[in-house]
Amino acid sequence: MTLDPNLFENIRLELRRGSLVLAVLAQLRSEQYGYTLRKALAEHGMEVDEGTLYPLLRRLESQGLLVSEWREEDKRNKRFYVLSADGKTIFKQLLAEWKNIDSSLNGIVKG
Amino acid sequence: MELLDRYLKAVRSYLPAAQKDDIVRELSEDIHAKIEDKQAELGRPLTDADIEGILKAYGHPLLVAGRYRQDERSVAFGKQLIGPLLFPFYMRVLQFNLGVTSVILFFIYAVLFISRGQPYSLLSSLPSVFFWQLLIQFAVVTAIFTAVDKHLAKHPDRWDPRKPGHAYYAHLPEVAETGQVSRMESISTIIGLSIWLVWLRVMQCSPFFILGPEAAYVKFAPVWHDLYTPVVLLAFVCMAQAGINFVRPDWVRLRSYTRLAMGVAALVVWS
Numbered sequence: 000m001t002l003d004p005n006l007f008e009n010i011r012l013e014l015r016r017g018s019l020v021l022a023v024l025a026q027l028r029s030e031q032y033g034y035t036l037r038k039a040l041a042e043h044g045m046e047v048d049e050g051t052l053y054p055l056l057r058r059l060e061s062q063g064l065l066v067s068e069w070r071e072e073d074k075r076n077k078r079f080y081v082l083s084a085d086g087k088t089i090f091k092q093l094l095a096e097w098k099n100i101d102s103s104l105n106g107i108v109k110g
Numbered sequence: 000m001e002l003l004d005r006y007l008k009a010v011r012s013y014l015p016a017a018q019k020d021d022i023v024r025e026l027s028e029d030i031h032a033k034i035e036d037k038q039a040e041l042g043r044p045l046t047d048a049d050i051e052g053i054l055k056a057y058g059h060p061l062l063v064a065g066r067y068r069q070d071e072r073s074v075a076f077g078k079q080l081i082g083p084l085l086f087p088f089y090m091r092v093l094q095f096n097l098g099v100t101s102v103i104l105f106f107i108y109a110v111l112f113i114s115r116g117q118p119y120s121l122l123s124s125l126p127s128v129f130f131w132q133l134l135i136q137f138a139v140v141t142a143i144f145t146a147v148d149k150h151l152a153k154h155p156d157r158w159d160p161r162k163p164g165h166a167y168y169a170h171l172p173e174v175a176e177t178g179q180v181s182r183m184e185s186i187s188t189i190i191g192l193s194i195w196l197v198w199l200r201v202m203q204c205s206p207f208f209i210l211g212p213e214a215a216y217v218k219f220a221p222v223w224h225d226l227y228t229p230v231v232l233l234a235f236v237c238m239a240q241a242g243i244n245f246v247r248p249d250w251v252r253l254r255s256y257t258r259l260a261m262g263v264a265a266l267v268v269w270s
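Chains as they are written, first to last, in numbering that gives the first Met the number 0: chain A, 0 to 110; chain B, 0 to 270.
Isolated chain A, as found in the complex (with noise of 0.2 Å):
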């Protein structure tokens, strides 16, 4: 059986999707706009395209992790994004999630 060439891109996609999520949340416990947002992130090894990037603040948002609101700043409408209450409980949980999943991840790559 011949391998899939995307695969390992397609497996890394995916491990790089669920982390994302709680870079974003991190990234914002102090409020940012989109643009700087993922100028942040990429500044921490954490490159993000616009394409995925917005979609996923709205999906955020919509599911109440996230409030936003326009306003003006060096005389340009931005968006800007904050964590909401329920976020930060969130955030949280998934940050000692992620903590639990790397340390068993450690101790069984270690063998």
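Some clues are possibly wrong.
Listed below are the simulated BS3-like cross-link pairs for lysine-lysine, each with C-alpha atoms no more than 25 Å apart in a straight line [what the hints assert, rightly or not]:
id: 1; chain 1: A; residue 1: K38; chain 2: B; residue 2: K33
id: 2; chain 1: A; residue 1: K74; chain 2: B; residue 2: K149
id: 3; chain 1: B; residue 1: K37; chain 2: B; residue 2: K8
id: 4; chain 1: A; residue 1: K87; chain 2: A; residue 2: K98
id: 5; chain 1: A; residue 1: K74; chain 2: B; residue 2: K78
id: 6; chain 1: B; residue 1: K19; chain 2: B; residue 2: K33
id: 7; chain 1: A; residue 1: K77; chain 2: B; residue 2: K37
id: 8; chain 1: B; residue 1: K19; chain 2: B; residue 2: K78
id: 9; chain 1: A; residue 1: K77; chain 2: B; residue 2: K19
id: 10; chain 1: A; residue 1: K74; chain 2: A; residue 2: K38
id: 11; chain 1: A; residue 1: K38; chain 2: B; residue 2: K37
id: 12; chain 1: B; residue 1: K78; chain 2: B; residue 2: K55
id: 13; chain 1: A; residue 1: K74; chain 2: B; residue 2: K33
id: 14; chain 1: B; residue 1: K8; chain 2: A; residue 2: K77
id: 15; chain 1: A; residue 1: K77; chain 2: A; residue 2: K38
id: 16; chain 1: A; residue 1: K38; chain 2: A; residue 2: K109
id: 17; chain 1: A; residue 1: K74; chain 2: B; residue 2: K19
id: 18; chain 1: B; residue 1: K149; chain 2: B; residue 2: K78
id: 19; chain 1: A; residue 1: K77; chain 2: B; residue 2: K55
id: 20; chain 1: A; residue 1: K77; chain 2: B; residue 2: K33
id: 21; chain 1: B; residue 1: K55; chain 2: A; residue 2: K38
id: 22; chain 1: B; residue 1: K37; chain 2: B; residue 2: K55
id: 23; chain 1: B; residue 1: K55; chain 2: B; residue 2: K153
id: 24; chain 1: A; residue 1: K91; chain 2: A; residue 2: K38
Keep in mind the hints are simulated off the structure, nothing from the lab.
Could you slot chain B onto chain A? The hints should help.
Relative to the frame of chain A, chain B by itself:
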């Protein structure tokens, strides 16, 4: 910023109605921020070519809009044929085609019923005629969308924000014609006209395959026989132009002249 406006209009046309304004406002803000960053980096105002580069990197309007639809459904027979990004548009086209086909068939049957009576024989043929028509529509629309999906997956950057004749911008005002004829447009023209010619030929020679037993009661008026050859010839000219432009997309004037000639020819034929 004409290019940016056109791009945002194209994205907007594919977005869910309730969120159009809000999403476009945010996209516009993001692209403006990118443009400002790029200007600061280059130390000069951006040219149209620079803005084209930013828009191409941003992504095809259809794909950008598709990501906001949050519809994870797809079409798969064993392997995936039409992915979640195109699925909502596929469903819209399919529903439209099936709706139009149903209305046409209903109209034909209504006319036959009024002119012939015999409701039992008409009704008995109705399910098979409907089934075959809907199956053909389903197969053709699915095949076209599968090809588009494959093309977009393989060449996500093969599109031109300036191209006036591009199918995705057909409803927008034109920018100066400096681009190329899209290969996607050429392929679509050839496929669409081929399907139509086959349908026309079958309708003329073996209408049974389209209308079922009721075909025996449908007769074309003499004018349709007179028009058949010129109409087919015009279709072949269009297909030839699309074929040439597929090989030589830079021959933009060929398409313009062909369209002009076709318009004049159609006027002559119909008059």
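Okay, the hints, checked on the actual structure:
| no. | hint | result |
| --- | --- | --- |
| 1 | K38(A) <-> K33(B) | holds (11 Å) |
| 2 | K74(A) <-> K149(B) | violated (43 Å) |
| 3 | K37(B) <-> K8(B) | holds (23 Å) |
| 4 | K87(A) <-> K98(A) | holds (17 Å) |
| 5 | K74(A) <-> K78(B) | violated (50 Å) |
| 6 | K19(B) <-> K33(B) | holds (21 Å) |
| 7 | K77(A) <-> K37(B) | holds (19 Å) |
| 8 | K19(B) <-> K78(B) | violated (32 Å) |
| 9 | K77(A) <-> K19(B) | holds (17 Å) |
| 10 | K74(A) <-> K38(A) | holds (20 Å) |
| 11 | K38(A) <-> K37(B) | holds (14 Å) |
| 12 | K78(B) <-> K55(B) | violated (29 Å) |
| 13 | K74(A) <-> K33(B) | holds (16 Å) |
| 14 | K8(B) <-> K77(A) | holds (20 Å) |
| 15 | K77(A) <-> K38(A) | holds (15 Å) |
| 16 | K38(A) <-> K109(A) | violated (34 Å) |
| 17 | K74(A) <-> K19(B) | holds (23 Å) |
| 18 | K149(B) <-> K78(B) | holds (12 Å) |
| 19 | K77(A) <-> K55(B) | holds (23 Å) |
| 20 | K77(A) <-> K33(B) | holds (13 Å) |
| 21 | K55(B) <-> K38(A) | holds (19 Å) |
| 22 | K37(B) <-> K55(B) | holds (15 Å) |
| 23 | K55(B) <-> K153(B) | holds (15 Å) |
| 24 | K91(A) <-> K38(A) | holds (23 Å) |
Hints 2, 5, 8, 12 and 16 from the earlier list are contradicted by this structure; the remaining hints agree with it.
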